[in-house]
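Okay, here's what each chain looks like letter by letter:
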Amino acid sequence: MNKNVELVIVGAGPAGIEAAITASEFGIEVSLVDLAPRPGGQYFQQPPEAFQEDAYVGSKPRERQFLQRLSSSKIELRSNTLVWGIFEGSKPGSWCLKLHGPLAPAQLNARAVILAPGAYDCAIPFPGWDLPGVITAGAALRMVKNQRVLPGKRVLLSGTGPLQMQTAAYLLQAGAEVVTVCENARSLLLRGVPHLPSVWGQWEKLKEGFDFLKVLVQARVPYRMGWAVTAAHGKDRVTQARIQKIDNTGFPISQPEIIEDIDVVVLGYGLTPSTELFRQLGCEMEFSRLGGGFVPQRNQRMQTSCAGIYGVGDGARIGGVETAIIEGRIAGYASAAQLGHLSKEAADKLISRQKPALCRQMRFAKTLAKLFPVPAGMFSFADQDTVICRCEQVTLGEVKRAISFGAQTVTDVKNIARMGMGNCQSRTCGTIVAHILAAETGKTREDVHCLNIRPPIHPLPLIVIEEFDNGSVKGVERQ
Amino acid sequence: MSDQRSYDVLVVGAGVIGCAIASALTEAGLTTALLDREQVGAGASSANFGMVQSNDVELKSTIPMLKASKSKFKHLEEELDTQFGLRRIASLRLITSEDQWKLSEERAKILPRNGIPYEFVPPNRIREIEPLVDPSNLFGATYASEQGQLNPLLFMWAYLRRAVAKGLTLHTYTEVTGFEISRGRLQGVHTNRGLFSAGVVVLATAAWTRQLGKMIGRDWKIHTFRASAMVTEPVYDLKLRTILTSADHIEMPVTSQEDTELTVLALTQTPSNHFLLAQADRPGEVLQPLISHAAPKTIAIMAARFVPGLRKARVLRAWTAPTTYTRDGCPLIGPVEGLDGLILATGYRSAIIHAPLAGDVITQLVTTSKCDIVDLAPFKPERKMEAVDTFYTVKSDSSQNQHENP
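If you read the protein sequences in the order shown, they are chains A and B. As numbered in this note's numbering, residues 1 to 479 make up the first sequence, in order. As numbered in this note's numbering, residues 1001 to 1406 make up the second sequence, in order.
Extracted from the complex, chain A is given alone in its bound form (with noise of 0.2 Å):
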């Protein structure tokens, strides 16, 4: 099955959802194409349907009305549909979406794809971070707000940001314990100084993350500025961490400590764009310290080093909800240009009307991101027998002996140690590698260069990439 769009679009967060309003606000035919069973992303993510609740806990009008906004649109929403892979077209200038999902065409062809993949957490390795038990942030959240369970009763969290606060207070009003928060910044107060004039104007941000901090303080629960989990500890799942105060580049300076019974760790490392789509389909690609790792180059409109491939949102460089919604119109107006829906000199004049807020979102952005930095350091925590890639159980003493036979960059590991090539295609170790790598060598972050991603993103059957009829064959699961 095959099906022609305008326009696709790949991600129904925030980014996409405004990308997918402001391109059918001109006429124009959008498909959008999201993995999650209900649209809103990770930020405005939706309980199940059976849940039989509108919107997640603590969730405002605005939200609300984004989300109505989408449903009363003319936009086609294909949820529960993984693209797995972007292609060159057979026509000049088109290219070809391979789906899976249900009832979804095995290919979309367009002329105009717009990619809001978000972003998905970082973790630092330590001995004991695959124990169960041990989660991300973004687990965290997604199983408080979305799935209405708690992850465990006595919580302990490491990492540095707003996230991991907001994490922290969302977790004590389900009714956990927060036994600690370990924030590896420290003295935020005094850096925080030089940055004020980017977080003027952020009332809404400030409020938000005031209240976050009224939950907290109401609580007692012991923040720890400068301090890290550095080690898990337990059986079969995660029972005691070790935490220990770090220097401001992250190496260890204190004794450990023993935080005894508890059954949760949650790491909040910021987060990581997921630009698999990007890198498997050969966009250039640039380093931004500040936006995440490795991101697509863009132009002002928006489009990548491919024509017609658009890129918005975390997905495409760590930039937070408010950017990514600017991300999106402006990539609505570029693609509806593209399509000859608008002239291009009424799309560079909107563009250009979006550029003071997005430049001022970007700064504030920017602003967190120098806040709340993962240093070096942190990945000094783990010793030779941690697994760092999971999914291949390569461990930090096969990375180094890698290394040690002379790896240059990521691949280079990846070729002779065989991490990343499993079923996360190295979402999780691919960073981590990269900083190790960096360190022992003595190279920056971008000299060791990423690795290729290449489709389908996530493991499918055989029988799907085949094009089977898959109805009519029993056995054979959706992924």
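Treat the hints as calculated values from the structure; they're not laboratory data. No experiment lies behind these values; they were computed from the predicted model shown. Using N, Cα and C, we set each Cβ at its ideal position, and we do this for glycine too. You may find that some hints are simply not true.
Cβ-Cβ distance ranges computed for the label pairs, FRET-style [stated by the list, open to error]: (1) A/Val217 <-> B/Glu1233: 46 to 52 Å; (2) A/Phe287 <-> B/Asp1081: 32 to 38 Å; (3) A/Arg237 <-> B/Pro1122: 40 to 46 Å; (4) B/Asp1237 <-> A/Thr239: 55 to 61 Å; (5) B/Asn1137 <-> A/Glu25: 53 to 59 Å; (6) B/Glu1233 <-> A/Gln255: 42 to 48 Å; (7) B/Asp1081 <-> A/Leu103: 55 to 61 Å; (8) A/Met1 <-> B/Asp1081: 52 to 58 Å; (9) B/Ile1216 <-> A/Phe287: 31 to 37 Å; (10) A/Pro102 <-> B/Asp1259: 30 to 36 Å; (11) A/Asn2 <-> B/Gln1083: 44 to 50 Å.
Sample of chain A residues facing chain B (criterion: CB under 10 Å; computed from the structure) [to be verified]: (12) Ile86; (13) Pro92; (14) Gly340; (15) His341; (16) Lys370; (17) Pro373; (18) Asn415; (19) Val464; (20) Phe468.
Guided by the hints, dock chain B onto chain A, whose structure is given.
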């Protein structure tokens, strides 16, 4: 450039052949640099099945060289001090018609005479050799019992590590942009990182050779096609014993009826139980390694046709690399006529089996200006290619569509 970049030999292309040559040159005491436009093994060398393959050899001229190179594998893991997983494995090529068999008849006469087992097996023996295959619609198969396989990435890195230990300088992300020629002799190469000078330059550049030749007005007859493959996650309830290939192929257009993926079955299971699936070939002088929309699909169709049990196996990734063929099926090895200081070592049909000897041959050429290890006359870079090898050509170049293995 401020630093001195002058070497006895420059090897261009850090693939399996380039790494093996670099290792032999440094072993011989020559100051050597290895250049690559990207990272180590960025072309076809990290995209293949690791076949130590002899059953697809070009029959007229290449057998002596292949045999000499194959014999060097015996102690290679000890010599290079790296386990790269070398194992013996049989190859089984499924045939659906008598006509297909006739194209292999000559091969079945010549190869066994040269110590390479290769025979026709009827359908009832196919199941014995490979229980996963249903032989009911088959005419038979060709069976080559002594083929080999290894981990191509570790094999390449084993040579590279040895070379670096002996003093090799590796320059990755260094792309040749031109040749420095004076007084009728090659003096070095220009790159995006400046000039590299050397007494001799060796091109082990596979699919990139043609465009490098054009920089000095040469039209080397080495052609490109993009070959694709896939890998599944480990599969434990299916056990494939052989390298399974088919004479049958399917064809699917990519951008037009002239631009197609031509796909045969090529299947193997690694010691870690992953299935490797290939091979879709897309002719055309294109070096971009982007996979087409048709390649994964056609590979999946062929694999499922012959081994339906694979349908439930999850595919981890699919990839493409530009690789080469020549009309007469022979590589381009030796000095370039009329330009002292330039040697080619490229266009091998099956690079891995030829890698060990490539180092010896090139080192002898560099140090003595001749080669008595094998007769290089059939491999002269600028020979006339009249004889058309029918065994491995791609549609754009001839009407034949014969494939053996990846």
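Structure-based check of each hint:
At roughly 48 Å, the beta carbons of A/Val217 and B/Glu1233 sit within the given window of 46 to 52 Å. At about 36 Å, the beta-carbon gap between A/Phe287 and B/Asp1081 stays in the expected band of 32 to 38 Å. Hint check: A/Arg237 to B/Pro1122, Cβ distance near 58 Å, so the stated range 40 to 46 Å is violated. Taking 55 to 61 Å as the suggested C-beta distance range, the pair B/Asp1237 and A/Thr239 does not conform, at roughly 36 Å.
Between B/Asn1137 and A/Glu25, the C-beta spacing of about 57 Å keeps the proposed range 53 to 59 Å intact. With their beta carbons about 43 Å apart, B/Glu1233 and A/Gln255 fall inside the hinted range of 42 to 48 Å. In this structure the hint that B/Asp1081 and A/Leu103 lie 55 to 61 Å apart at CB holds, the actual value being about 56 Å. Distance hint for A/Met1 and B/Asp1081: a CB-CB separation of about 54 Å, consistent with the stated range 52 to 58 Å.
Checked against the hint of 31 to 37 Å, the pair B/Ile1216 and A/Phe287 passes, with Cβ atoms roughly 36 Å apart. Between A/Pro102 and B/Asp1259 the CB atoms are about 33 Å apart, so this pair conforms to the stated range of 30 to 36 Å. The given range of 44 to 50 Å is respected by A/Asn2 and B/Gln1083, whose C-beta atoms sit roughly 47 Å from each other. Because the beta carbon of A/Ile86 sits about 9 Å from the nearest beta carbon in chain B, less than 10 Å, this interface hint is met.
Annotation: interface hint on A/Pro92 holds; nearest CB of chain B at approximately 8 Å, less than 10 Å. Against a cut-off of 10 Å between C-beta atoms, the interface hint on A/Gly340 is violated, since the closest Cβ of chain B lies about 23 Å away. For A/His341, the interface hint is violated, since its Cβ never comes within 10 Å of a Cβ in chain B; the closest pair sits about 26 Å apart. Against a cut-off of 10 Å between C-beta atoms, the interface hint on A/Lys370 is violated, since the closest Cβ of chain B lies about 30 Å away.
Residue-level restraint check for A/Pro373 is violated (minimum Cβ-Cβ distance to chain B is 28 Å; threshold 10 Å). Interface restraint check for A/Asn415: the shortest CB-CB distance to chain B comes to about 4 Å, inside 10 Å, so the restraint holds. For the restraint placing A/Val464 at the interface with chain B, the shortest Cβ-Cβ distance is roughly 8 Å, inside the 10 Å limit, so the hint holds. With 10 Å as the threshold, the beta carbon of A/Phe468 comes within range of chain B, its nearest partner Cβ sitting at about 7 Å, so the hint holds.
Going down the numbered hints, you'll see the structure goes against 3, 4, 14, 15, 16 and 17, while the others check out.
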